[in-house]
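Start from chain L and add chain G according to the hints.
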Amino acid sequence: MKIQVFAVLKDYFDREFDLNDDITDIASLREHLSRLNTSAQGVLQLCRFAVHDEFVDQTYNITKNDTICIFPPSSGG
Amino acid sequence: MIRSAYSHPVAEVEITELSAVPLNVVELLSKAHHPKAGAVVLFSGEVRNNNNGKEVAYLDYEAHQIMAAKMIRTILDDANKKWPLNIAIAQHRTGKVTVGETAVVVITASAHRSEAYQANQYIIDRIKHEALIWKCEYFTDGSHQWGGNCSCH
Chain L
1 MKIQVFAVLK DYFDREFDLN DDITDIASLR EHLSRLNTSA QGVLQLCRFA
51 VHDEFVDQTY NITKNDTICI FPPSSGG
Chain G
1 MIRSAYSHPV AEVEITELSA VPLNVVELLS KAHHPKAGAV VLFSGEVRNN
51 NNGKEVAYLD YEAHQIMAAK MIRTILDDAN KKWPLNIAIA QHRTGKVTVG
101 ETAVVVITAS AHRSEAYQAN QYIIDRIKHE ALIWKCEYFT DGSHQWGGNC
151 SCH
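Chains L and G are the protein sequences, given in the same order. Sequential numbering from 1 applies to the first sequence in the working numbering. Sequential numbering from 1 applies to the second sequence in the working numbering.
By construction, these hints were calculated from the structure, which means they are not laboratory data. Even glycine gets a Cβ: it sits at the ideal position worked out from N, Cα and C. Just to be clear, a hint being listed does not mean it is correct.
[Stated by the list, open to error] Straight-line distance between alpha carbons at most 25 Å, and here's what the computed SDA-like set of lysine to any residue pairs gives:
1) Lys128(G) <-> Leu46(L)
2) Lys10(L) <-> Ala103(G)
3) Lys2(L) <-> Asp22(L)
4) Lys10(L) <-> Leu46(L)
5) Lys10(L) <-> Gln65(G)
[Claimed, not checked] Among the chain G residues that face chain L by a calculated CB cut under 10 Å, a handful are:
6) Glu62
7) Ala63
8) His64
9) Ile66
10) Met67
11) Lys70
12) Met71
13) Val104
14) Asp125
15) Ile127
16) Ala131
17) Lys135
18) Gln145
For reference, chain L alone in the conformation it holds in the complex:
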């Protein structure tokens, strides 16, 4: 799967990277990323996830060809 992160998450991860680990859902992905960089654990708990430009919930089943976008809380305006 390919991961794209936005905003403050770029301070913790590359903007885009591949993950080949056996991760099956969004909840597991969040836990995995929190272990990869423990400093990001707090903000990851606040993040929303999307696949194919649609939000997905914690139970979404990830496929190996998915590109998963991870969004911190918005701060426009």
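What follows is chain G alone, placed relative to chain L:
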């Protein structure tokens, strides 16, 4: 692009929800006049030179282009359902925005001012808190901070 049919007549205004170049507030306002509207409210969110006691050099806005634009359209649609608006426009900057420049514009027009004011605040509040747009403040001391002066954190 902003358009579409609502349950009441809303004028179609062709603008993009996100812009990588400076917003033309006067041009946007010129699109917001409507013969049935007696009130036009324009909100311009601008970059101020300080936050939390630090001097701001500029802001940099990042967005998920497709989803952010879609969310802004949804917010405008929702406002049009809640109030009898003749015009509802919102445009947000991306990229580097310097002090004094406009970061976001919301314009609402309706028969009377009450609806235009209420709808305008509703739209900007939701854009700030929901749309997939993030601001990074760059300070004159060389530091930076994501989402600095937003109340959503």
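Now for the hints, and whether the structure bears them out:
no.: 1; hint: Lys128(G) <-> Leu46(L); in the structure: 16 Å, holds
no.: 2; hint: Lys10(L) <-> Ala103(G); in the structure: 22 Å, holds
no.: 3; hint: Lys2(L) <-> Asp22(L); in the structure: 13 Å, holds
no.: 4; hint: Lys10(L) <-> Leu46(L); in the structure: 15 Å, holds
no.: 5; hint: Lys10(L) <-> Gln65(G); in the structure: 17 Å, holds
no.: 6; hint: Glu62; in the structure: 6 Å, holds
no.: 7; hint: Ala63; in the structure: 8 Å, holds
no.: 8; hint: His64; in the structure: 6 Å, holds
no.: 9; hint: Ile66; in the structure: 5 Å, holds
no.: 10; hint: Met67; in the structure: 6 Å, holds
no.: 11; hint: Lys70; in the structure: 8 Å, holds
no.: 12; hint: Met71; in the structure: 9 Å, holds
no.: 13; hint: Val104; in the structure: 5 Å, holds
no.: 14; hint: Asp125; in the structure: 9 Å, holds
no.: 15; hint: Ile127; in the structure: 6 Å, holds
no.: 16; hint: Ala131; in the structure: 5 Å, holds
no.: 17; hint: Lys135; in the structure: 5 Å, holds
no.: 18; hint: Gln145; in the structure: 9 Å, holds
Checked against the numbered hints given earlier, this structure breaks none of them.
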